[in-house]
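If you're matching them up, the sequences are chains A and B in order.
The working numbering numbers the first residue of the first sequence as 1 and each following residue consecutively.
The working numbering numbers the first residue of the second sequence as 630 and each following residue consecutively.
Since the hints were made in silico from the structure, they are not lab data.
Just so you know, not all the hints are guaranteed correct.
Derived pair list, reagent style EDC-like, types lysine to aspartate or glutamate, alpha-carbon separation capped at 20 Å [as the list claims (entries may be wrong)]:
(1) A/K361 / B/D764
(2) A/K358 / B/E708
(3) A/K581 / A/E541
(4) B/K759 / A/E206
(5) A/K4 / A/E22
Facing chain A, a subset of chain B residues (Cβ under 8 Å, in silico) [said to hold, decoys possible]:
(6) D699
(7) S706
(8) D824
(9) A831
(10) K841
(11) P846
(12) P851
(13) D855
(14) R889
Don't be surprised by glycine CBs; every beta carbon is placed ideally from N, CA and C.
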Amino acid sequence: MAEKLLEVKDLRISAYNDEKVEIPIVKGVSFDIYKGQVVALIGESGSGKTTISLASLSYTKPGLEFSGGEVLLNGEDVITMPPLRQREIRGANVAYLAQSAAATFNPAITINEQVTESPVLHGVMSQEEANKRAVELYHALELPDPNRIGFRYPHQVSGGQLQRLMAAMALCGKPDLMVLDEPTTALDVTTQIEVLKAFKKVIREENAAAIYVTHDLAVVAQVADHIVVLYSGEVMEQGSADEIINNPTHAYTRRLMDAVRPKPVAGMGTDVGTEHERELPAMSVENMTAGYGGIINGEPAVTILRDVSVKVENAHVVGVIGESGCGKSTLARVMAGLLPQAKGKVKLEGEELEGGIKDRKLSELQKIQFVFQMADTALNPKQVIGDILGRPLEFYHGIKGREKHAKVAEILDMVELPAEFASRYPAELSGGQKQRINMARSLAANPEVMLCDEVTSALDSIVGANVIKLLTNLRDKTGVSFVFISHDLSTVASFADEIVVLYAGRVVEQGPTDEVLEPPFHPYTRLLISSVPELRIGWLEDTMQKREMAVGIARGVEITAVGCPFYNRCPMAIEATCDVKDVPIRELKSGHQISCHLTIEELQEAEAHTQKILHGFEKVGDDKPQKPA
Amino acid sequence: MTEEIIKTKEEEVIAKLDTFDELPDAPPKRRIKLSWVGKLSVAVVAFWLLIVVIGPYIAPFHEMDMDGDDSFLNAHSNEYGTFFLGTDYLGRDTLSRIMFGARNTIGISLLATLFAYLMGITLGILAAVKGGWIDMGISRINDAILALPTIMLGLIVIAALGSSIPILIGTAAVIYATSVFRIARALGQDIMVQDFVEAAKARGEGVWWIIKSEVLPNAAMPLATDFGLRLVFVVLFISSLSFLGLGVQPPASDWGSMVRENLQGLTYGSYAAIWPALAIATFTIAINLIVDDISAKSGGMLAKKMV
Numbered sequence: 001m002a003e004k005l006l007e008v009k010d011l012r013i014s015a016y017n018d019e020k021v022e023i024p025i026v027k028g029v030s031f032d033i034y035k036g037q038v039v040a041l042i043g044e045s046g047s048g049k050t051t052i053s054l055a056s057l058s059y060t061k062p063g064l065e066f067s068g069g070e071v072l073l074n075g076e077d078v079i080t081m082p083p084l085r086q087r088e089i090r091g092a093n094v095a096y097l098a099q100s101a102a103a104t105f106n107p108a109i110t111i112n113e114q115v116t117e118s119p120v121l122h123g124v125m126s127q128e129e130a131n132k133r134a135v136e137l138y139h140a141l142e143l144p145d146p147n148r149i150g151f152r153y154p155h156q157v158s159g160g161q162l163q164r165l166m167a168a169m170a171l172c173g174k175p176d177l178m179v180l181d182e183p184t185t186a187l188d189v190t191t192q193i194e195v196l197k198a199f200k201k202v203i204r205e206e207n208a209a210a211i212y213v214t215h216d217l218a219v220v221a222q223v224a225d226h227i228v229v230l231y232s233g234e235v236m237e238q239g240s241a242d243e244i245i246n247n248p249t250h251a252y253t254r255r256l257m258d259a260v261r262p263k264p265v266a267g268m269g270t271d272v273g274t275e276h277e278r279e280l281p282a283m284s285v286e287n288m289t290a291g292y293g294g295i296i297n298g299e300p301a302v303t304i305l306r307d308v309s310v311k312v313e314n315a316h317v318v319g320v321i322g323e324s325g326c327g328k329s330t331l332a333r334v335m336a337g338l339l340p341q342a343k344g345k346v347k348l349e350g351e352e353l354e355g356g357i358k359d360r361k362l363s364e365l366q367k368i369q370f371v372f373q374m375a376d377t378a379l380n381p382k383q384v385i386g387d388i389l390g391r392p393l394e395f396y397h398g399i400k401g402r403e404k405h406a407k408v409a410e411i412l413d414m415v416e417l418p419a420e421f422a423s424r425y426p427a428e429l430s431g432g433q434k435q436r437i438n439m440a441r442s443l444a445a446n447p448e449v450m451l452c453d454e455v456t457s458a459l460d461s462i463v464g465a466n467v468i469k470l471l472t473n474l475r476d477k478t479g480v481s482f483v484f485i486s487h488d489l490s491t492v493a494s495f496a497d498e499i500v501v502l503y504a505g506r507v508v509e510q511g512p513t514d515e516v517l518e519p520p521f522h523p524y525t526r527l528l529i530s531s532v533p534e535l536r537i538g539w540l541e542d543t544m545q546k547r548e549m550a551v552g553i554a555r556g557v558e559i560t561a562v563g564c565p566f567y568n569r570c571p572m573a574i575e576a577t578c579d580v581k582d583v584p585i586r587e588l589k590s591g592h593q594i595s596c597h598l599t600i601e602e603l604q605e606a607e608a609h610t611q612k613i614l615h616g617f618e619k620v621g622d623d624k625p626q627k628p629a
Numbered sequence: 630m631t632e633e634i635i636k637t638k639e640e641e642v643i644a645k646l647d648t649f650d651e652l653p654d655a656p657p658k659r660r661i662k663l664s665w666v667g668k669l670s671v672a673v674v675a676f677w678l679l680i681v682v683i684g685p686y687i688a689p690f691h692e693m694d695m696d697g698d699d700s701f702l703n704a705h706s707n708e709y710g711t712f713f714l715g716t717d718y719l720g721r722d723t724l725s726r727i728m729f730g731a732r733n734t735i736g737i738s739l740l741a742t743l744f745a746y747l748m749g750i751t752l753g754i755l756a757a758v759k760g761g762w763i764d765m766g767i768s769r770i771n772d773a774i775l776a777l778p779t780i781m782l783g784l785i786v787i788a789a790l791g792s793s794i795p796i797l798i799g800t801a802a803v804i805y806a807t808s809v810f811r812i813a814r815a816l817g818q819d820i821m822v823q824d825f826v827e828a829a830k831a832r833g834e835g836v837w838w839i840i841k842s843e844v845l846p847n848a849a850m851p852l853a854t855d856f857g858l859r860l861v862f863v864v865l866f867i868s869s870l871s872f873l874g875l876g877v878q879p880p881a882s883d884w885g886s887m888v889r890e891n892l893q894g895l896t897y898g899s900y901a902a903i904w905p906a907l908a909i910a911t912f913t914i915a916i917n918l919i920v921d922d923i924s925a926k927s928g929g930m931l932a933k934k935m936v
């Protein structure tokens, strides 16, 4: 066995409240990290995983204190070492990668200066050596233009690139240990793959050890050697990645695995009962173009959505997916009237709506409700829950006094929260509870259509799964239609009746969930499906072999006025056709449309080809001798 | 045996998970607790406010009585009574003049600050909510006033309009409304882009409801902390004007002019200029300490919440 690098022995960390009463946060955690090993700390928010990982830097968040145990780095206890020595090891021996690269980089200083700062400051290497090392790392992390990317400013590179540059920053001083705190959680699936691949490669090449903190088991399966499962500051189970993923023994681990949504495949769509069926669609958008800036000749200064048509049937769930920057939120904002469209129509129950909120009737506003992504900012921190939920009742329906009080309790019950919550402030609720209140406020208006913008993206997998369950119940009970926006295809697939795939402001494919998730696929849909991480060791390597990955990953979304926007990422793009000619819409079965220059037959052929390659690889994989446990 | 224990422990965990506990939050306390410095400061401010109300009734002498044995005497007594803090340059009782002056100094400052807040917040929030030309117009006029030195501006206005208490209050209010406007507008703009305001707009709420229910409650706390600071500035401003002879006119007393009148007494070893200066100092420092304490407390609460 390799040399032991970090030894965490019976670590205890506590918080103290106003009355100086001890509240244990970490309750006796022990694990070891060997050189060259990636240890994953996995658990929900509040499980203490970040607190434990920060302890390896001898750091606790304000208000927390070490109350017992040891953290030995190369045999030296980091908790009791003098502050000067702590300063020496931070950055030099242990490096920390925060969740948000955008918040970590200083926007006013070039990337190179920030990447090389720590080793030069610690006197580990000279500026020249550090610069050379940085360029090597840019190469290793497969960043574009590695010799010159360091001279750019943080806003001049994409989110995924910045995340990798942060890894370069951490690795520059050749630390013994890296602490990665949810480094891919905020990224699109396609970007996530790109970052994971780079991290994995560089960790292997540098033979560095790492603590990988996340709540996503599927991601852990790709990078970790050893997994520690945490719940409420205690270790539930730990073992090699292979053991935990393939043979979990603890009930909590199994529960976490259940929350990992299955790979989106056909047959996941739910049957919609006929009781809520109506002749006219609840809401529809026809040939709509929208964007930001002044509108000249029906064209906005910056066009985000182009010629989009979407239909929302009554009591149906329409899932809208695509990477960030594809115009998903803009679509919902146009439907809600927050952004007037430049061209085209928005209809509610067959009747055309005005573009802006001011011109819409109160009854129209009441029927369309927008649920914001971040419950943290969408709820006024100075209003109690009762006021937040009571306002739409009073505003739209004139319900006041005792009746309002009773109704608020009823709505709280609908989102499975106790009625006492009416007197609490949003800050006194957990993330999942706040998200429920956020949806309850829209429900209080008694709407026909609810527009949910990434409502589960900021939540842990278990909490998110609960919210989806709740939405499904609500749909069945009330017959509300949902437009469910997400960048996570597996969430959408488990919940939506129809799927709309948006790319660069255009609908590239839409239709019933089962049809969309079945071949033939639009090449972009194919890419999205392949990018959803699987709870399987070795999935990342397999996926990277696929042809659409080679072309599609690591390219930003570019909005184009002519031709197919997916041209520069498409493995099957036809030159002089896809980039210049308008894309034809191909109708497959009822309601299933694919916008592509390739015919249905060609797409089907391509899919068969992919499958052949895939199965070929799986065979190769089978021939390999099994790794000894 | 051990297996059973493990099993019950597992069951416990599962039971905990099923009984809806995404995060156990106890409602935090909403009361602000002051430190002992804060409490002392509150006592000092309360003392001065009490003097504002009852000072003239309990003062041993009238502010205009020249009953002392001589000017610039330290504590002594004669047939009229005892002069605890001595006499000023006209042989008037310093203690009584401070008690009478509290009404002028604190009263004028409080009124001026209140008016400044009324103007500043109304215009600031209006500019933030409406934006566009309204914002542009008000902001530029505000910038122009801000660009002028406060004392100079005060001097010019009072020189032109004459010195009376209403004019003093009005001048101070307008001058200090400019900085209140800046803060209110910045706060308002921050709040206006929050999702909860957008949610209110999407619901179809009107401008006044948004200001009243969404913007003002969230701006209240930072504005309140600023109120204390602003009051201190106004006290100093009024005192400086009085010191220059343009504030409260003799024979009425106020702390600023008392310092000026008795400045020459310092050379004779008289404390007559020190006492009113101390009064200004205790009042303003106490308010500052309260403000500090409140913001430190809410900062502390924020820090605790982040954990």
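Going down the list of hints, with the structure as the test:
1. A/K361 / B/D764: With Cα atoms ~28 Å apart, A/K361 and B/D764 exceed 20 Å; violated.
2. A/K358 / B/E708: 79 Å, violated
3. A/K581 / A/E541: 36 Å, violated
4. B/K759 / A/E206: Since the Cα atoms of B/K759 and A/E206 sit roughly 56 Å apart, the hinted pair is violated (cutoff 20 Å).
5. A/K4 / A/E22: 32 Å, violated
6. D699: 58 Å, violated
7. S706: Since the shortest Cβ distance to chain A is 52 Å, the answer is violated.
8. D824: This hint holds: B/D824 lies near chain A, its Cβ roughly 4 Å from the closest one there, short of 8 Å.
9. A831: Holds: closest Cβ of chain A sits about 5 Å from B/A831, inside 8 Å.
10. K841: Violated: closest Cβ of chain A sits about 12 Å from B/K841, beyond 8 Å.
11. P846: 4 Å, holds
12. P851: 12 Å, violated
13. D855: Violated - the Cβ of B/D855 stays beyond 8 Å from chain A, reaching only about 17 Å at its closest.
14. R889: Hint violated; B/R889 Cβ to chain A Cβ min 45 Å, cut 8 Å.
The structure is inconsistent with the numbered hints 1, 2, 3, 4, 5, 6, 7, 10, 12, 13 and 14, although it conforms to all the rest.
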